[in-house]
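Enquirer: Once you have looked at the hints, place chain B on chain W.
Protein sequence lines, in the order shown, are assigned to chains W and B.
For what it's worth, our numbering labels the leading residue of the first sequence as 1, then goes sequentially.
For what it's worth, our numbering labels the leading residue of the second sequence as 1, then goes sequentially.
For the record, the hints were derived by calculation from the structure and aren't laboratory data.
Please read all numbers here as calculations on a predicted model, not as lab measurements.
It is possible that part of the hints are untrue.
To be verified - Listed next, the stretches of chain B that the computed footprint assigns to chain W, with coverage defined by at least 3 CB atoms under 8 Å from CB atoms of chain W:
(1) 56 to 67
(2) 173 to 186
(3) 301 to 310
Unchecked claim - Quick list of simulated restraints, FRET-style, between CB atoms:
(4) W:Pro230 with B:Glu103: 53 to 63 Å
(5) W:Trp57 with B:Trp152: 37 to 47 Å
(6) W:Arg172 with B:His44: 32 to 42 Å
Unchecked claim - Chain B is nowhere near these chain W residues, computed Cβ spacing over 10 Å in every case:
(7) Phe5
(8) Gly65
(9) Arg260
Backbone N, C-alpha and C define an ideal beta-carbon position, used for all residues, glycine too.
What follows is each chain in one-letter form.
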Amino acid sequence: MKHVFTVRIGPAGFRVGSDWRAPIRALERLYAGYPAPEDNIPDFTVRLFAARPWRHWLRPSITLGGDFVLPEAAPLPLSQGVLAAEMAMNLQMAMGQRRYLLLHASAVEREGRAVLMTGLSGAGKSTLAALLAARGWRLMGDEFALIDPASGLVHAFPRLVSLKNRAIEVVRKALPEGRFGPLLAGTPKGDIQHLVPDSRSIARMGDPARPALLLFPRFGFDNAERGLGPSEVFVRLTQASTNYVALGERGFAAMTRLVREVAACAIDYPDADAAITHVERLWATL
Amino acid sequence: MNRDATLLARALYDPMSAAPLDAAGWTDLIAIARAEQLTGTLVHRVADVPKPPAASRILADARASIADQRRAALWEAEAARRALISIGTPIILLKGTAYAAAELTAGEGRSIGDLDILVPRDAIAQVERALLAAGWEWAKPDPYDDAYYRRWMHELPPLIHRERDRMIDVHHTILPLTARITPDAQAMIADSVLLDNGLRILSAPDMICHAAAHLFADGDLAGGLRNLWDIDRLCRDFMMRHEDFCLSVYKRARHHGLLVAVQRAFRLARDIYETPVRGYSAPICVSLDSRSSDALFRRRLLARDGWGRPTRRLTRFGFYVRSHWLRMPPAMLVRHLWTKWRKGYRSA
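The following block holds chain W by itself, in its conformation from the complex (with noise of 0.2 Å):
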């Protein structure tokens, strides 16, 4: 394609072509710090195309490609390039990724153990993990965290966090030196505006770590903690995991794993710093 770029994040390689230069500069600039993919071959083929020729110059808008789709994805505006690109790549690992198991969760790890912090959108993943790396966290990710079927630990995924909406005023306070993209008024998703991870997240991303603590958050509740049993556990995981289904065995293995292992806990809370104080006390009783 006209316009390419190609970025490693954690284990996976990406190779992005668009029609347009615009979206391919920003992911430029945001990505600047991180690897090529291995040997130079991706995992994965993103493409950003206008669907009609004229879509080009006229009203430009972005249809999302490359090599696993969904039909019904809807075309962006040429203005929102990054997030584009991002549901793309999210889209590959979503649908193509195989030698992981794939929760859709946040993820910080501290001396080599991570919590994962998973829920609906809206319930706070990403501002949690955002505050939690602010607070000197080691920030694995934000959207994806991949478990190993063979050793059972967490692999870092670390792209741009994704916040939307209230929590991009949260989280640029709590990181004035942050690195930010530009702010995507209007998007399918609300007001979205990308956190570039900090350099140590960046250079440690090939790093595994021994998940120890799985969470399970609710924002805009009064503050609870709760307990949960194995079998919800179970089935919040599954519902959880965009691949469980497809990995077959080695998925129900991983998963059963996880639950076995892993102490899991609700929280529900009403601000940030409430959700901050959770995790903390509740890493310090593992």
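Expert: Relative to chain W, chain B alone:
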């Protein structure tokens, strides 16, 4: 960047041709294979070819994935067998599931999506009832689509299992009833071969006839490289067991009205995958001399660039129009498209 899918076709029939590829070459090869649903096949073919570690890792992931897919497909066939056993009618596996169940080379690494089965037309109502009772549901609840399938198609409207989320296509013949060619489905069923698991597959010549019909007498050649690869592998398997296999295919194809489609399939398989098929002058005369139109088919089959993008828009559109032309008479086609267009218009 590679401008068409020749890179993939070559890597499949001559795996060592992939050995000198650089990073960009492997990247294109993998993207094309994914787009043509031939990744698993490629994995098998290039297993012994030296390649960069990243390419090995990516292909190893695909290998594991294909093995899981194969297990799920065979399990789905078994689920259908259990649901239909009490009817006592023959159940014939078609396409990918058949190749996997019969352990044919064509099944090695092949991606398998839906379960396709063929049953006698007079058993179709019983089969439908039994599947609905066993947890399958209609995938297309639209009344026009439903009526269209029942009246004109060679299969029931697609059913999907509510727990396993897998589709089943129940055929009673191999081409739409509206097509000009009407293969002898009864003969196909009568000559089918029983497997150890109680399910059946088509006889070897009928398997080729079906694959050729699917590729050249129906559809717009989407996924054509994979279907042609099936034909190549089936021919190589069966020719090893039976020297005059091609002749038996021609005889059978003539009976079904599919000789032209089979000749086309053999010429293109020979052209693209170097399939060692041959013509005959006696006892029947079947020539495999190239036709000028083969170039157009070849152009369409290989219309995929190194980014995995469909290319050659006009050629593709031509074959899309051709697929409808083959499938139904002109007046009916107009009525069908009119109904479809109005529906799209209303729901938009």
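Enquirer: Which constraints among the numbered hints does this structure fail? Numbers only, ascending.
Expert: Checked against the structure, the hints that fail are numbers 2, 4, 6 and 8, while the rest are satisfied.
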